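Number of protein chains: 2
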Amino acid sequence: MFDKVTLIGIGLIGSSLSHVMRREGLAKEISVSSRSQETLDRAKELNLGDHYHLDAAEAVKDADLVIVCTPVGACEAVAKTIAPALKKGAIVTDVGSVKASVIKQMKPHLPDTVHFVPGHPIAGTEYSGPDSGFASLFEGRWCVLTPEEGTDDAAVSSLTKFWETCGSNVETMEANHHDLVLAITSHLPHFIAYNIVGTADDLATDIKSEVIKFSASGFRDFTRLAASDPTMWRDVALHNKDAILETLGRFSEDLSDLQRAIRRDDGDKLFDMFTRTRGIRRSVIEMGQDVAAPNFGRDGEGDEPAS
Amino acid sequence: MFDKVTLIGIGLIGSSLSHVMRREGLAKEISVSSRSQETLDRAKELNLGDHYHLDAAEAVKDADLVIVCTPVGACEAVAKTIAPALKKGAIVTDVGSVKASVIKQMKPHLPDTVHFVPGHPIAGTEYSGPDSGFASLFEGRWCVLTPEEGTDDAAVSSLTKFWETCGSNVETMEANHHDLVLAITSHLPHFIAYNIVGTADDLATDIKSEVIKFSASGFRDFTRLAASDPTMWRDVALHNKDAILETLGRFSEDLSDLQRAIRRDDGDKLFDMFTRTRGIRRSVIEMGQDVAAPNFGRDGEGDEPAS
Chain A
4 MFDKVTLIGI GLIGSSLSHV MRREGLAKEI SVSSRSQETL DRAKELNLGD HYHLDAAEAV
64 KDADLVIVCT PVGACEAVAK TIAPALKKGA IVTDVGSVKA SVIKQMKPHL PDTVHFVPGH
124 PIAGTEYSGP DSGFASLFEG RWCVLTPEEG TDDAAVSSLT KFWETCGSNV ETMEANHHDL
184 VLAITSHLPH FIAYNIVGTA DDLATDIKSE VIKFSASGFR DFTRLAASDP TMWRDVALHN
244 KDAILETLGR FSEDLSDLQR AIRRDDGDKL FDMFTRTRGI RRSVIEMGQD VAAPNFGRDG
304 EGDEPAS
Chain B
4 MFDKVTLIGI GLIGSSLSHV MRREGLAKEI SVSSRSQETL DRAKELNLGD HYHLDAAEAV
64 KDADLVIVCT PVGACEAVAK TIAPALKKGA IVTDVGSVKA SVIKQMKPHL PDTVHFVPGH
124 PIAGTEYSGP DSGFASLFEG RWCVLTPEEG TDDAAVSSLT KFWETCGSNV ETMEANHHDL
184 VLAITSHLPH FIAYNIVGTA DDLATDIKSE VIKFSASGFR DFTRLAASDP TMWRDVALHN
244 KDAILETLGR FSEDLSDLQR AIRRDDGDKL FDMFTRTRGI RRSVIEMGQD VAAPNFGRDG
304 EGDEPAS
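Chains A and B, in that order, give the protein sequences. Going by the working numbering, the first sequence opens with residue 4, and the numbers climb by one from there. Going by the working numbering, the second sequence opens with residue 4, and the numbers climb by one from there.
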């Protein structure tokens, strides 16, 4: 599909893209760039690319498709570095969880001769780094593209086809809208998870060890999200600040309301609050966004209920 | 092990106990009681007992072990009902997620001729009702007993052996201590999950459908806990009020601190907050409380990372 694809950054998303591109024959040649020699060496051991470069400008030479797979805070520096070396007609995209900021960081530096189509594959795990990737990561998941008006249709189609071949369903939307939706579905849940695990981490040592010991009662679910890459999430917090603060504000108001209901022994209100949420779980499963098996089908705990 | 065991309440825990007791031959006879005729009929269809009673007093006659498997708010009424019918020397226990309140509700009504040993198997799924039980629910999970001082040693040993045969590791602790630990590991996570899903439920219809559509980005994890039984969780909120309000208070303070760091673009602080939580996830996995597979090993997303 492409003669040469360049991956700038080779963490979970970059390495997964490498695996799926190899499997699907999406690129004749894969060029890998990382700022860290250690990461680059590991990528080479894992055979994730055909060429390896510390210098991103070197890596993008002659590339038809450049995919920036770094934390979103690095996008401006990457754009500045690669701009002079980009091939005419190349497609430049990214995989960041925030879109308006990425556009603001990258667009002013990119030449008019390339097609800039920002993207976000909504897929991931709690692991990071070049070892964490796998070819099926994007299967059945959404990939959102946020091209600005006037972007070349052929470039958008080509990138759409690329992600579809990776197994994703592609949807196009406006960058700010993406950022608002993701603030609720992704950013808030991660920050809440980091926060609750942080609250537990602050406890006295003896209580903390008991919290870990008895974590199967609910707490363990949060520890997974809270094990995600700190650099990535720091950058998301800084680069989608307004939508996140707005969303955190709503959450906090609702939490005060819940706290008040508990303090006032308002059982009816609590029952209502705990009932309406079941419908959302049902919809999530119906939309194929989660499994119906109890406890996410964790090993040995996943017996399907009888009805 | 017991001639006759009575299950009062036949939801997830009661029905799972029935399955494991049958498998392990723990009871010659199982008597099932429920306040609802419909539930009792379903329990009969599922062959969960040998006798079925709407009246809990009828159900406990001649029982050697009585296990109260109702929401914690029903314990006082159950104790009053069964007290006159209990056999001399019987063991009475429960499975509630709150212990001090259960003791306060039940103990004054129970005769001195029975052995009251409150218990809490730390196991569950997001499903409820007589259909949701399965024999392996308690395997490898903790069961906490909170007998008061002076409780008959033989009764505690006997109940310990019972839970061990169900596959659990048994630990004894003081009721108030149990309630504090569980407020953090179980109650807070559930209320936070209910709250975040509630916040999403309040959104305008179009945004809400997108939140569900893109829920694989983090939100879906919370919908599982927020699909748990509303009656059970209403009762937990009302019956472990002080520990929960204290825990929610800590969480809220920490959340304000996080919000402040985002508003002030304090990247270093955010990075620290998002780093220290990884160690807790590691410990949870090392302690056998969760699986290491990415995304909890959900279907088709569970490829183990290369390292």
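Calculated directly from the structure, the hints in this document are not laboratory data. In this text the structure is predicted, and so the values were computed from the model without any measurement. Check before you lean on any hint, since a few could be wrong.
Which copy is meant is left open, so a pair is good if it fits within one copy or across any two.
Claimed, not checked - Computed list of lysine-lysine pairs in BS3-like fashion (alpha-carbon distance at most 30 Å, straight line): (1) Lys272 with Lys107; (2) Lys31 with Lys244; (3) Lys211 with Lys83; (4) Lys107 with Lys211; (5) Lys91 with Lys211; (6) Lys47 with Lys244; (7) Lys164 with Lys216; (8) Lys64 with Lys244; (9) Lys31 with Lys164; (10) Lys31 with Lys272; (11) Lys216 with Lys47; (12) Lys64 with Lys91; (13) Lys91 with Lys216; (14) Lys211 with Lys31; (15) Lys211 with Lys64; (16) Lys272 with Lys90; (17) Lys216 with Lys110; (18) Lys47 with Lys107; (19) Lys47 with Lys272; (20) Lys244 with Lys91; (21) Lys64 with Lys216; (22) Lys64 with Lys90; (23) Lys47 with Lys211.
A quick look at each hint next to the structure:
Taking the shortest alpha-carbon separations for Lys272 and Lys107, only the inter-copy value of 25 Å comes in at or below 30 Å, while the best intra-copy value is 44 Å. For the identical chains of this complex, Lys31 and Lys244 are neighbours neither inside a copy (39 Å) nor across copies (62 Å), given an alpha-carbon limit of 30 Å. Proximity of Lys211 to Lys83 under the C-alpha cut-off of 30 Å is found in neither arrangement, the shortest distances being 46 Å within a copy and 38 Å between copies. For the identical chains of this complex, Lys107 and Lys211 are inter-copy neighbours only, at 27 Å across copies versus 43 Å inside a copy, given an alpha-carbon limit of 30 Å.
For a Cα distance limit of 30 Å, the shortest separation of Lys91 from Lys211 qualifies neither inside one copy, at 57 Å, nor across copies, at 41 Å. Proximity of Lys47 and Lys244 under a CA criterion of 30 Å is satisfied in neither setting, with 36 Å inside one chain copy and 56 Å between copies. Taking identical chains as interchangeable, the C-alpha atoms of Lys164 and Lys216 lie at most 30 Å apart only when they sit on different chains, with a minimum of 21 Å there against 47 Å within one chain. In this assembly of identical chains, the alpha carbons of Lys64 and Lys244 never lie at most 30 Å apart, being 34 Å within a copy and 63 Å across copies at closest.
With identical chains, the CA atoms of Lys31 and Lys164 are at most 30 Å apart within one copy only, with a shortest distance of 16 Å there and 64 Å across copies. Taking the closest pair of Cα atoms, Lys31 and Lys272 never come within 30 Å of each other, the shortest separation being 60 Å inside a single copy and 43 Å across copies. Proximity of Lys216 and Lys47 under a CA criterion of 30 Å is satisfied in neither setting, with 39 Å inside one chain copy and 37 Å between copies. With identical chains, the CA atoms of Lys64 and Lys91 are at most 30 Å apart within one copy only, with a shortest distance of 10 Å there and 86 Å across copies.
Taking identical chains as interchangeable, the C-alpha atoms of Lys91 and Lys216 are never at most 30 Å apart, the minima being 57 Å within one chain and 36 Å between chains. In this homomeric assembly, Lys211 and Lys31 never come within 30 Å of each other (Cα to Cα): the closest approach is 52 Å inside a single copy and 41 Å across copies. Taking the shortest alpha-carbon separations for Lys211 and Lys64, neither the intra-copy value of 52 Å nor the inter-copy value of 43 Å comes in at or below 30 Å. For a Cα distance limit of 30 Å, the shortest separation of Lys272 from Lys90 qualifies neither inside one copy, at 61 Å, nor across copies, at 39 Å.
In this assembly of identical chains, the alpha carbons of Lys216 and Lys110 lie at most 30 Å apart only when taken from different copies (29 Å versus 49 Å within one copy). When the C-alpha separation of Lys47 and Lys107 is checked against a cutoff of 30 Å, the pair qualifies neither within a copy, at 33 Å, nor between copies, at 64 Å. For the identical chains of this complex, Lys47 and Lys272 are neighbours neither inside a copy (58 Å) nor across copies (34 Å), given an alpha-carbon limit of 30 Å. Neither within a single protomer nor between protomers do Lys244 and Lys91 lie at most 30 Å apart by alpha-carbon distance, with minima of 34 Å and 65 Å respectively.
In this assembly of identical chains, the alpha carbons of Lys64 and Lys216 never lie at most 30 Å apart, being 52 Å within a copy and 38 Å across copies at closest. Taking the shortest Cα distances, Lys64 and Lys90 sit within 30 Å of each other inside one copy (6 Å), while across copies they are farther apart (85 Å). In this homomeric assembly, Lys47 and Lys211 never come within 30 Å of each other (Cα to Cα): the closest approach is 40 Å inside a single copy and 43 Å across copies.
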